[in-house]
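Asks: What follows is each chain in one-letter form.
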Amino acid sequence: MESKKGYSKPGEFKPMDLLACAAAREVKDGEIVFAGTGLPMLAIMVAQHTQAPTAVCIYESGSIDGRPIDLPTSVADARCSYQAAVADGLTDVFGQLQSGKVDLAYLGGAEVDLYGNVNCTFMGGPTGKRLTGSGGNSDIHSLAKRSVLIMPQLGQKRRFVERVSYITSPGWKIPHWPDKEWVPKQQVYGPAFNGGPAAVISDMGVYRFDEQGEMYLDTVHPGFTPEECRENCSFELNIARCQGETLTPTYEELDLLYQVIDPEGIIMK
Amino acid sequence: MESKKGYSKPGEFKPMDLLACAAAREVKDGEIVFAGTGLPMLAIMVAQHTQAPTAVCIYESGSIDGRPIDLPTSVADARCSYQAAVADGLTDVFGQLQSGKVDLAYLGGAEVDLYGNVNCTFMGGPTGKRLTGSGGNSDIHSLAKRSVLIMPQLGQKRRFVERVSYITSPGWKIPHWPDKEWVPKQQVYGPAFNGGPAAVISDMGVYRFDEQGEMYLDTVHPGFTPEECRENCSFELNIARCQGETLTPTYEELDLLYQVIDPEGIIMK
Amino acid sequence: MARPKVVSLTEAIGQINDGDMLTFGGFTVWRRPMAAIYELIRQKKRNLHLVEVNGGTHDDMLVGAGCVGIWESSWCGHELYGKFGSNLARRIEKGEILYEDWAHIHILNRLTAGAKGLPFLPTYSAMGCDMLNPENDNLGKAGLRNGSNPHIGKHKYMMYKEPFTDSEIVLVPAANPDWCITHVQMAGNEGTVRVEGLKFSDQEVIKASKHNIIITEQIVPEEYLRREPTRNMLPGYLVDYIVELPWGAHPTGLYGVHEPDGEFIADFFKATRTQEGFDQWAEEWIFGVKDFQEYLNKLGISRLESLRANPALGYSSTMKRGSR
Amino acid sequence: MARPKVVSLTEAIGQINDGDMLTFGGFTVWRRPMAAIYELIRQKKRNLHLVEVNGGTHDDMLVGAGCVGIWESSWCGHELYGKFGSNLARRIEKGEILYEDWAHIHILNRLTAGAKGLPFLPTYSAMGCDMLNPENDNLGKAGLRNGSNPHIGKHKYMMYKEPFTDSEIVLVPAANPDWCITHVQMAGNEGTVRVEGLKFSDQEVIKASKHNIIITEQIVPEEYLRREPTRNMLPGYLVDYIVELPWGAHPTGLYGVHEPDGEFIADFFKATRTQEGFDQWAEEWIFGVKDFQEYLNKLGISRLESLRANPALGYSSTMKRGSR
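Residue numbers (the working numbering), protein chains in the order written: chain Y, 1 to 269; chain G, 270 to 538; chain E, 539 to 862; chain F, 863 to 1186.
These are calculated hints, taken from the structure and not from any lab test.
All C-beta atoms, glycine included, are put in the ideal place defined by N, C-alpha and C.
With the C-beta cut set under 7 Å, the calculated list includes, among others, these residues of chain E facing chain G:
1. Arg541
2. Lys654
3. Pro773
Pair ranges (Cβ atoms, derived):
4. Arg811/E to Gly125/Y: 21 to 27 Å
5. Glu236/Y to Arg811/E: 34 to 40 Å
6. Pro1083/F to Arg846/E: 27 to 33 Å
7. Asp1141/F to Gln187/Y: 52 to 58 Å
8. Glu12/Y to Asp829/E: 54 to 60 Å
9. Lys692/E to Gln877/F: 47 to 53 Å
10. Tyr762/E to Pro1083/F: 26 to 32 Å
Only chain Y is shown next, with the shape it has when bound in the complex:
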């Protein structure tokens, strides 16, 4: 085996490993991070074990900077509060979010569009298939400085669309109610504007948003081509800015995921 800091080779990692590690790399040390259940939790934990040891994780249930020794399976899991700085409730953490204290948020969704709008309420709009609804997805996307969306893509092009069929969470361009005019997020949020989607990370690539708030392919995961990424979108994805391949998980990161963070095999089966 290579040195722990070395990058693994294709075949040495699963798609989900790369998803988690690519996501983890979005965190800068010292940042305040709001995370959801599942892969987002794994990503922030990998980051805390590597480049961002003083990053702080907040869960919307109210726990702040927990230091779980066993992987939580929901944001209200008793494990989230283990050695936490504070364990209070929603009013505390949503207040902090709204006042601009959250640097980065990790979220999932069922559908994302060209502008980073996210849907986790209805596939196909209010007459379509019902999902869970927003939870904190909308609030966190609305108010965090940067948000990172973690989504499956391969073979699911209906999840990457020109316009989501229901906007649960705002991207870079959104309607202004009640007049329905589509305008930049900053225009709607005014002084409360803190930022917006920074990246979408799928099992095929890492996507970012350009000056117009439109999604483009930033790096493609090893084993895929930019064209394949485009084919797995329902809109004409901009692949012209692709910088090359996404860095694979390091051996250290893989070790963290399987041995340290999720040794029980709850998410990393």
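Given chain Y, work out where chains G, E and F should sit, using these hints.
Replies: Structure of chains G, E and F alone, referenced to chain Y:
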């Protein structure tokens, strides 16, 4: 000595004793009472030891239903929290106040008027003598169902006036801003109207408010006449509804005040 | 009355009327008053109006059993134990239930406003999102914003150009449920309530509600709780009824006491993919048992014990959770 | 930066600039950061803008020392140890200070709005009272609501006919102080903060402020505080500077640690009946000592020990308080 439930005779009690006991009698069992420092604290404690054993006392600093074994000297005194149900903070208790949960409030003031408006900010208005300001006096008078004001009066007729020189806390008739029209409190507060001043208790008598929200003498303390009460007001006090003499402290109440509640002689010197 | 009554679950739930607006303490699949949910279903409550900061297994059960007329919340699911609330989803898709979607802060604010005696609270959350799309004002479209229902206001929300910084902001109206039912670890014999672990939005939803039922693992001496008043959540005068019922949160989790019963919830989710499936499930676990005691007997001691938390950790250190 | 710096009091207070807006943790004469107040005076800060949920001995000292340009609060006094804030009263009466009076809920709401990133919060408190009399908008009358001062908004408040129940309600603007200074019993070495006893409005004023200085009786291992996260008030990333300074709240009281020094405050109040009296007092107790350590030496161990709390009660069981 008479039976403990018997009423003491003139000469057996001081003016302050009667003030505290008359105030204590305003509490009904089971009520939620918001009290300030000093005599109000003594009054609620006497009530809890007599007719209102399940009355609950809230202090604006955040302690709820404390069971002090030593008399607190301020609402934030550590003694307030002894065996309290909850000790949190201002947001909790002012929220409960605004949502109409407080049955009765005990407060002091420097000046009171015909309508029960209270001044504890400026004697003589904003160009006059500066006092402490509102603290919670205004909030509590604004939002409690009933409030009882405890005030010295004898020889201080400038404290009982037709119109207070500065309205710190609302009585039954108040100006509507910004048009300055004087209207009943209910009209200004609308759906948030919970009630208003129920009584003013001085060292001379017990005053209540009539259907027009105007102060009248309800009972006169032993040793004074209704006319003397009127002479110690700067307005033409209505003494026509006076029911007679205020009941004197019982021996039990005196015992409570001096032996049980304030054995150290902090307020009851 | 400054002190609550200690009553049986049947008696407490018997106070709730058809058509009442209800909310619950807890968060998703944690610390939910499940015994009360079963009893609401057993007593065949109808046309309830749920207003929930977030939903969970308990909401989906009430919906499946036909108890719910209106559902308002930000979320309904089972965390990792089931993808979404199947009963709710099916009824929404078939148009068999009225609902309003909210962002988490919206609905938290609605109940916080209710708790503070305010008609509304402001927030910047979810501007430009479809919960605020005027076309998605479902209660309005159903003609229910005409004043006929005291729980339904004139406006779902209002955009307000506020005068201090000239920003546009969302005002959401207060909600004041008739009842909140909350499961907690401890209540004193005079009603002081302590919650261990995260408080979620319990204080807000309880204070917003006109009446409160507290279901507690144990009733403890008041004096014990009052030794540390900073750790308590509520004074007794905010509580109407107290029910003592250990394990009453099963299958949801209870910090420091027991884990969620993930397998039970996953089985429930599987069953609820059809109405018939839910009906069979309810026949077995709700109508098929006389009361919560019989339900616990049916679960059996070893299943329950397998969920028990390690006191040093607040969660189980022995439960098998993953694939390894 | 997610973690605060541990610094000396001199260094922490040195970060504060003339003209800054300040607030403080605590309540009246309880848990006030008095060592920091002395140091602010020693460093001759000028033109401070105080925005305080309620004032107390500390406010009146800063005002007496000429540090304060604008005072906004609901109250200034010394509880039973002095009838009112004499320095503040004198300057108000002479027109030597700008001030705005508020009700307790108003000013609490202003800071809570600041803490939550909101431009305002609503309340029904004090409608019809003179704090809301348009003639008493003192900052407006001084021409300061013209946008020239970032801490002073366009409107003192606004009456709003809200659209949900058509009631009139008061909207008060957010306040976001540059600094909040708070004295607490314990902070961890990574900055987690625990307050014992009542929290007053500390969470709100701390979260509203751009920068925070926490003065703690003791710095303790993080791990100790994190064993019980429900008892902690703040995570370290909300704190900029930590100063370890036992007795730093004297002469105000500190739950579980020491009583207020009522005699000291009463003497201060007597001295402040004239400016000359205050100046002499300040010469003796602030300028006449090099630092807080020397102040404590001057007080002497027996005076301090006489204030010490009984750990079972949280307050002193031996202090002479009354006439008997």
